[in-house]
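*Asks:* Chain residues, written in single-letter form:
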Amino acid sequence: GCLAGSGESGPRPPRLSVLRRDQDIYIPTLRKLFNESHGIFVGLQRSEEELAGKARKAQLVQVSKNYRSVIRACMEDMHHTAISTRDAALQSQYSTQVSILSAMELIWNLCEILFVEAATAGSLLLRLLDWVRLHVCDVDNMAREVLSSENPSKHELFWNVVDIFVLQGRMDEAGHLLSKEASANPASVNMYRILDDLMKKMPLPTLGNTQTLTEMELKWQHWHEECQRYLQDGTFASNSHMESICKILLGDEDAILEKKELMTTWYHFLVTRLLYSHPTVKPTELRMDLFLGGESSPEPLDTILMAAFEFEMHQVIKECSIALSNWWFVAHLTDLLDHCKLLQSHNLYFGSNMREFLLLEYASGLFSHHSLWQLGVDYFDHCPEYGRAYLELHLERIPLNTEQKALKVLRICEQRQMNEQVRSICKIMAMKALRNNRLGSALSWSIRAKDAAFATLISDRFLKDYCERGCFSDLDLIDNLGPSMLLSDRLTFLGKYREFHRLYGEKRFAEAAKLLLMLMTAHIAPSSFWMTLLTDALPLLEQKEVIFSAEQTYEVMRCLEDLTAGKSGKQKFQDDDEETMKVEMLRLALARNLARAIVKEGTLEGS
Amino acid sequence: QDNRVSVWSAGDAGSAGLGGECQGEPQLLCDIRHHGDVMDMQFLDQERIVVASSTGTVTVFRHHQNNQTLSANQRWEKAHYHVDQNTSYGGAACTGVICNNPEIVTVGEDGRINHFRADQKDAVRTIDNADSSTLHAVTFLRTTEILTVNSIGQLKIWDLREQRNEPSQIFSLTGDRVPLHCVDRHPNQQHIVATGGQDGMLSVWDIRQGTIPVSLLNAHEAEMWEVHFHPSNPDHLFTCSEDGSLWHWDTSTDTSEKPSFLHQGGSGTTDLSHNTINQPVVSAWLSNDPTRDRMEITNLIPHQTLSVNSLDILGPCLVYGTDAEAIYVNRQLFA
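Just so you know, the protein sequences line up as chains A and B, in that order. By full-length UniProt numbering, the letter at position 22 of the first sequence is numbered 22, and the numbering carries on one by one without gaps. By full-length UniProt numbering, the letter at position 269 of the second sequence is numbered 269, and the numbering carries on one by one without gaps.
It is worth saying that the hints were derived from the structure and are not from the lab. Treat the hints with caution; some may be incorrect.
[Stated by the list, open to error] Derived lysine-lysine pairs resembling DSSO-like cross-links, with alpha carbons at most 30 Å apart:
#1 B:K78 with A:K427
#2 A:K427 with A:K496
#3 A:K405 with B:K78
#4 A:K496 with A:K464
#5 A:K600 with A:K514
#6 A:K544 with A:K496
Work the whole structure out from these sequences, hints included.
*Replies:* Here it is in structure tokens:
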């Protein structure tokens, strides 16, 4: 974290702002969430846009389910870690995380039903029932406890479990439990049979096209009347539990409200009431049934869910952004909703739309992590307006502590034609290598960036070493430059100069001489080196046999004169004796060679 | 940073189910903190693992199988380093390690080659400035000779018995001196060497002849991080890359003409040298005739996203790890 303080002068007291880094990315179990969801995100961006209608919707629902299963997997891991750790503080932190993840999955699931799948009347209720069953109250554990006891129907939780099953529309399971009561209490067998029959006969919307909604409504009306008759006849009068169940079946609000403790949440109540009073509810009708039942101050989760039921997508996203500590949830959900074509461009003040804004925030958060930044790259790639700019800025700030990391960053830049970043990174790595005296590495980086200027720098370094020590270092590099020699003139010179030395060492004097001459006349040698080159010609001039032809000798003389003429008069006085002596020796040698060459060339063959 | 070296159990060897890749998820048995990035690691023997770190340290960990723990057994600090410590990201990474119990050879970004011996504190031999560029990988050619690859496209043979600090032979790529990142030697025919480059190209070399590769195969679209011959079925080669793919190169042909080098099923024997060295048949890897020996290449990753950094194979089992922080185990490679 960091602190920022304002100045001390002035009447206002100094203010300190504490900025905290996003801590969530450092929780180990959440990393799985980030990594796996990245794969899903990228898959979604690349998925077939040509698929239309039902196929596309099915695809998007699958993506949504994938996201949710990743959240669940994370929840399980986190739960395992929570129960296995001994540190109390850590345990409470993990438990909090588990409940946050659970809430996230709850919200996402509801959004999937209402927005992604856009369930219509009929299937809407079924989906909502599934949703409630999955998320609300731990009834299965209780049921197991009751069933495994000796006298299930006498268990204190027995009727609670039966009630919850009924409230969640799980008729078969409720019936199964009730049969225990029937076998334990023969007097109630009759009642049980009737109630069980009613429960099993209850018309429910079906998936697929087996019945229309009107058919279903008609059946439901008849069934409702039948239940009403049994209730009014007093069939269940002797058993208050069964009677209340029958009332619930009839959608009696008071009866349902009585079981408030069992349902624990208002949305459970909402779905139950819909199940028993309006199973063919349409999505648009949901908002009319909302009320919190006396809650004075809603929790953030409640506000979010309510906004969802009211189909206020933007509100949902806004509330989630406020309530959750990192951007993961809203970024991915908004992206999915955008792919469902549900979000109109909601212009924020800097002009980008909401999806992009959230993705940018999320990805920027990833970049502050030493290894999750790689995920962030793909997110930026799919932000058409500012993604590239953000990416460029972030990539430049990744610490390059190993060459392998630098290579990965480079590859990312090259794939996106971010040439400036490529040059900049290669230069940084090359400079580091140079400082560490790893000339081969430095050259390798300059080749990657095609950085001629740096290649020249490295070559100068080599040449300087040669002048100081009289021999080349790193021959394995210079002897094997290959085509990279052409990257810069200086580098070419270095390579060729070394070749000259090799040729001389192998006593291939004619070739060596030719190469030397070429080096002198091609003007790729640095000016500081001209004298050295000319001095290198001396041993060739003083060989027994004539190596330089007359023509070549003239060339060398010209080079020498160019060099000496270039020096000002003043300089000539300041030249040390060694210099002048060298020049004199050269002139002499050249003259002698010229003489011999002319003679040799003038003589006929056979001399 | 919280880097760890971990040991996982990938399920029973005997519980091979029908089809499918994994029978259950790999289970974490134990792990231990590691200072710096793990750049390379190898088993020294059944219990000890040598790990190369980005800090330049080489550590030998011991895996105690009775109580499933890991402990640091031996450590060579600053096995690799740069002379000038003023650079902000001090230290030179150790980029590669190879073991042949008890010999351990490491190479690094400092161009240095270290020859260690397990349980011996001081290095047996260190070749400073063996290379003017970064050495990316090392492998044993023979018991006393090693192969190294560097970032100026050179493959070098070093004889550890010789006292001079020069390689005994240098091979280099033709054309651009693209950095080479990985190297592996054919398990049975020791003159066949494969290397992978920064441009994703797979090069096969015959080190008995010439100084340039025998064949260049255009493979991946980005750095090839690792190349491995299958230890018991060397007609099969595996490469993985920054581009997120893992390729299986299969040069085994129909059994009609050539003797089969494949051993069907089971955990095969590893040493076939007595069988194959005298074979007159030229290995498919060195063949120049593309029509005679067809090579089948398969990408083993259906949905690729991030880089595959490392892989290993043993018998029918393939393991690889990606930058998406995932490890994949395929236990039915030849099914």
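*Asks:* The structure should be examined with respect to each hint, and the outcome stated for every one.
*Replies:* Results for each hint:
For a cut-off of 30 Å, the pair hint linking K78 (chain B) to K427 (chain A) stands: about 26 Å separates their Cα positions. The suggested pairing of K427 (chain A) with K496 (chain A) holds, with an alpha-carbon distance near 25 Å, which does not exceed 30 Å. With a C-alpha separation of about 20 Å, the suggested pairing of K405 (chain A) with K78 (chain B) holds against the 30 Å cut-off. At most 30 Å may separate the alpha-carbon atoms for a hinted pair to count; K496 (chain A) and K464 (chain A) meet this at roughly 16 Å.
Taking the CA atoms of K600 (chain A) and K514 (chain A), the gap is about 18 Å. The hint holds against a cut of 30 Å. Of the pairs offered as hints, the one joining K544 (chain A) and K496 (chain A) holds, with about 25 Å between alpha carbons and a cut-off of 30 Å not exceeded.
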